[in-house]
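S.K.: As a plain string of letters, each chain reads:
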Amino acid sequence: MNVALNVALNVALNVALAPAPQAARSGAHLTAAEQLLEDATARALRQPSGRLALVLHLSRLRPPSPRPHHGRIARALLEDTAQRHDGQVFPMRNGDLVLLCASANAAMAAAADAPALLPDTLAQIYGADAPAGDALTSLWRLDHDSATYQRYLADRANTTPAAVLPEPAQSTTPAALQALEDALATTAVPNLLGVQTAIILRGGKHVPLTARLAPLFRELTFSLAALHTHQDTAAVIADPYLFRHFAARLDARMLAYLTQDLTDGGALCRTAGLPVHLNLTLEGVVSPAFARLVRAARKAQVKFGVEISLMEAAADLQLTGYARDLLRMAGFTLALDGIDHAALRLTAPAKLAPDYVKLIWSTHLLDANPATTTAFQRLRDQLGPDRIVLARADSEQALIWGQSHGITRYQGHFLDRVLTACTSPSRLDA
Amino acid sequence: MNKSLFASFSSEKAGSSLTMPPTQALEALKSLLRQTEISGAARRALLLHTDRLPKDLTKPHHLRLARAAVAGLAQADRAQMFDLPRGRVAIVWRARGGREVEQVLEQLAHLLDGLPAGQAPPPADLITVYDLPAQGPSLVDDLNARPPSLATGGSQKIDAPMLARLEQALVQAEMSHFVRWRPVAILPPTGTAHTLTLAPLATAWDERSIAAADVAATLCPDHALQANPWLFRRLTRSFDRRLLALHTGPHQLAGARPFALHLNIASILAADFLRFDAELPSALRGHIMLYVQPADVLADPAAFFFARNFAHARGYKILLRGVSLGLADVLDITACGVDFVQVALTPDVATNPALVREAVGPATKIVLSGVDRTETLAWAASHGFLLVRGHAVANAQHEDAELA
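So the protein lines, in turn, are chains A and B. Residue numbering for the first sequence follows our numbering, beginning at 1 and increasing consecutively. Residue numbering for the second sequence follows our numbering, beginning at 1001 and increasing consecutively.
Hints are computed from structural coordinates only; laboratory data are not their basis. Bear in mind the structure is a predicted one, so any value in this text is a computation, not a measurement. Just so you know, even glycine gets a beta-carbon here, dropped at the ideal spot from N, CA and C. Check the hints yourself; a few may be wrong.
Label-pair distances were calculated between CB atoms; the ranges are [to be verified]:
1. A:Ala-252 with B:Glu-1106: 56 to 62 Å
2. A:Ser-223 with B:His-1110: 24 to 30 Å
3. A:Met-329 with B:Glu-1106: 54 to 60 Å
4. A:Ser-223 with B:Glu-1106: 16 to 22 Å
5. B:Leu-1355 with A:Thr-363: 47 to 53 Å
6. A:Thr-159 with B:Asp-1142: 23 to 29 Å
7. A:Glu-396 with B:Ile-1038: 45 to 51 Å
Sample of chain B residues at the chain A side, in silico, Cβ under 10 Å [to be verified]:
8. Leu-1112
9. Asp-1113
10. Phe-1305
11. Ala-1313
12. Asp-1329
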């Protein structure tokens, strides 16, 4: 599981925990910063000559953006310009930032740090996270374009507050981490696991969706809910390194539990031939506990697959190769997880010879971005479409994109529910 | 193949009758372990940790003696001997209840006899014995473990609460004496062994990083920080904060020449870096490198792209550390869009230097690390590796290069 996924999983929690938006003042639906902007705008419009308003539309960045660093960097860049051009920066409730400043004379307007040049810089930095076609910035000269600017301001009242994503904690307390360690050590293993089914979606547009679905494998996922023992748990888990540490801590307990279940003829033995996928660290795969699971799985004739995060696989290629060989000998499949659009552009996961690559769906894949398109085509050519699983495919848009690109394997909560409803497979009560 | 270059890889194996290079031997050993696991054949394995020898016993003849101490095992039934990277030696044999291990310990005790009292480790600390196939995974773990120079100090792994305590301690700790500088030299393309040995090397920039081993020895001497790699990676963010603070402000950087900071991606996007950036003297802007690691890039590729674009917009150069030919097969270096990559001088690089250029793309500059022998400087220059680091660079005289 990668950071983006972690972040997304925590959005709901964070929104629930986030303080309510700042109360509107004097009956208007404006935050304090928006009210200050109104006042500053009114003053600027009295002498609009040479004054500029620049909006950085962070709200237009595609999910899971904007993330905290998007706002932090933007604020620093705009504040820097504001300091040198008699300006001020105002955060909007939807995450946008407005810079109101002066570019009073020709010399200032032509300077290398002129506010009018900011859109180019911002496009260079934020362009990859912005949807194609939507303007990332708006720049208005108040002596010419004040009406458009004021319409933008008026629309602010109708926007929804931005969900602030949790930021990986820069530091945390021993008590908070001890609570997590304790939760991992003492919580019953089934409570730490969730189940999600990957499916094969066959063609035939005239056949109902329910008749085109067949299960591919069932994945045991690391459920984060049981670990929400402390108020900053979400931020701790959003940290990829702490997350991997805690995932590694779960390995041994999970492997022991599953081995016992197989030995006892438990739920795992009633999977009707459907492979069970486990999320493991590389250390977990080379551990004695895993060897015990392999022996129990052979005896019970239950098929397994193991999912390894791309980050971990690339961090130790030698160990990855060894783990892959162990999996092959055990008859387990290997799935590489955590490959989002950005990782797809950076890597050639097929070179690690996995049985499956789990590509995380996001609207970024819709882009005509040549780098993303080329990377996907390379993956499909090297691996074959039947070994790509489009994960987090929870929208019709995802399925349409997948089918148009030859993908037949999918995973997502929505499809899992549909499959459960239409086939009622024996549930894995792990 | 350049023999003098390869001497740096083969000197530790002097006296052995090697039939394969160490990396190949490592793979062969792992393959044997897999076979024993499949067949269930009972074997014993012994790993000689030459990297645990006391400093006074690390000369080539000491290593030969240590190897000789275990070599007797090669006569045992079905014995196979493997000369591994970092001078380690492994032997796998079929045990018949003999005194093989005791004899090895006696030989090692003899080797250690000459050391002053208190400086000699117990002979048993220099070897680990494994019963196969059951303990095969432990042997693999040990084979994959990082060298002790990185796996610092003690032997205990840190856990998450201890990580938090260390993070809290690092907020206040005096860190300036933990900062280490390593020069990166730029070689003249026409440099010969003679000129490169005699003339001062031109310093392209200094790498500045926190010495994790020394921090560990001070704050938690009983623990091996890197034995838990994920928590260690997390801890390096605290190092980053302190490193940035030590370089923030005009007084901190008065008269500074170009330098590089080892940072996490998250640190480049954090408030501490913004403070550093805000106070960076204008003369240095455009001459600062930010070193990042592949695992960190892949931990959050979207954040990496954003950090790279931000850093470039502010005039920083990005260097990707730890690039190997194997990694370049999986990670598209060109797509990373970094300015430099750091490639270690390993046997495969020495054998196929042209492959490195092919792997990283024409636009990316290469810093060759692990240049420990003066003779290697000329080899590097002749193969177009003009940016180099390593002991040969650190020990040479330096002069400042012209700012690019």
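S.K.: Next, verify each hint and record whether it holds.
M.R.: Each hint, compared with the structure:
no., hint, in the structure
1, A:Ala-252 with B:Glu-1106: 56 to 62 Å, "violated, 38 Å"
2, A:Ser-223 with B:His-1110: 24 to 30 Å, "violated, 57 Å"
3, A:Met-329 with B:Glu-1106: 54 to 60 Å, "violated, 38 Å"
4, A:Ser-223 with B:Glu-1106: 16 to 22 Å, "violated, 54 Å"
5, B:Leu-1355 with A:Thr-363: 47 to 53 Å, "violated, 38 Å"
6, A:Thr-159 with B:Asp-1142: 23 to 29 Å, "violated, 58 Å"
7, A:Glu-396 with B:Ile-1038: 45 to 51 Å, "holds, 47 Å"
8, Leu-1112, "violated, 31 Å"
9, Asp-1113, "violated, 37 Å"
10, Phe-1305, "holds, 5 Å"
11, Ala-1313, "holds, 5 Å"
12, Asp-1329, "holds, 5 Å"
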